[in-house]
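Protein chains in written order, with our numbering: chain A, 914 to 1106; chain B, 5 to 280.
It should be emphasised that the hints constitute simulated quantities derived from the structure, not laboratory data.
Glycine is no exception: its CB is placed at the ideal position from the N, C-alpha and C atoms.
Hints may contain errors.
Unchecked claim - To give a feel for the contact side, a few chain B residues facing chain A, derived at Cβ under 10 angstroms:
1) 12
2) 13
3) 23
4) 27
5) 28
6) 37
What the hints assert, rightly or not - Footprint (simulated), chain B over chain A, 3 or more residues, beta carbon under 8 angstroms:
7) 973–985
8) 990–1000
Unchecked claim - With a Cα cut of at most 20 angstroms, we get these calculated EDC-like pairs of lysine to aspartate or glutamate:
9) B:36 with A:1004
10) B:260 with B:238
11) A:1009 with B:238
12) A:1009 with B:38
Single-letter residue listing:
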Amino acid sequence: MSISSIFIILISAIFVNNFVLSRFLGVCPFLGVSKQVETAMGMGMAVTFVMTMASIITYVAQRFILDTLGIEYMQTIVFILVIASLVQLVEMVIQKTSYTLYQSLGVYLPLITTNCAVLGLTILNIQNEYNLIELIFHAIGAAIGFSLAIVLFAAIRERMELADLPVVFKGFPVALLTAGLMSLAFMGFMGLV
Amino acid sequence: MNIEGILYPAVSLGGLGLLFGAGLAFAAQKFKVDVDPKITTIRDLLPGANCGGCGLPGCDSFARAVAAGEAPVDGCPVGGPELADALAEVMGVEVAGSAKKVAKVICNGGSDKCKEKFIYNGIQDCIAANMVNGGSKSCKYGCLGLGTCVTVCPFDAIEITDTGLAKIIPEKCTACLKCVEACPKNVITMVPYEQEVVITCNSNDPGKVVRQKCSVGCIACQICVKACPEQAIDFENNLAFINYDKCTNCYICVEKCPTKAIEGRLKKEEEAPAAV
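Can you make the complete structure from the sequences, with help from the hints?
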């Protein structure tokens, strides 16, 4: 494993296989929490933290529990358990340490529990047979990719609020169109790695 | 069938669940945030309209502010004095004794009393009409009566009269200030609920101009200022103001006003003026 392979993993997770725009994972918060750039950034940060932590813990659980006992088919349910507990823990810690951050994240923090991007990431980590360092970078890349997509999308939507659109397109229809166009645009990265 | 096939997943999943559960229980103890029990009590007492009338974003913030002593216990306009008493009991303080206020349209110049400048056929909204040379009413301070306040009122307390004036029903008004903010003419003010005598003119024009435009405007004659036995009426910018702290609702000014620009029936709609 070299620096270049880590770099490739990172770039591939951010751009080429962007979790939202190429893999279509985590679309729910992508559409739900993207009305303002500020909240989108908060969501991105929370997701970054949870993704990284979840990747490490699920890797340990996979290697030392599932693989040892030969019950790999329990992967999904065990990973969900890990992620849910982790989000709960993160919520408690944030509430204790930074009440302002807790308030600004609001309901989105517990929403990460059911964010399929996190579960998808942890399962992909195992499927791709990454080692610990690789999967940490894969997680960071995925989280940056998610944050990038959601912040860009939020910025576009903020402008869209002010645009003079036909009534039928206002609100969600145009948001969905925008998401589709962004996804097309990210196809341009294909073949980069 | 081997027993391990059931045992391993059950035990490992159960074990993990137990482990995480215990970890979370421990974390909940360790990272416990002490929520002031007062906040929950206060929040339960509040009406929960989230109208923002207190100046804070929603009832939750108001509850926190009250518990922290940053907001007055009588800060909620919707709850009124009863709520203020209840909150004062929770907080262990005395109510400062501020009376309930209601919004009041200080214009009586309906279409029968105030002349029109032109016929307005645009969007039926005061803000839009106000952009067209200040609306069709000849008096630029008067109520346009197109009902922007009616639209924003969350409590259904405003109606438009036949003469094209907004009228606030004091019994329904909760003093959330939404209409005061929405009115492009700033013709809605807050008046104590108990106050009966109110000057119903908002015009800063000099007397002669007012007389030309409207038959019930304040013509800046200052008769009420001189007549008031309590010196409760001030005069500024061609308009009289009643100091509600001093006013005793004696109705002398109501009788003296030559243009009937002082209204003496905010609360008692049909009662004879000389009753007090």
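If you check each hint against the structure, which ones fail?
Violated: hint 11 alone.
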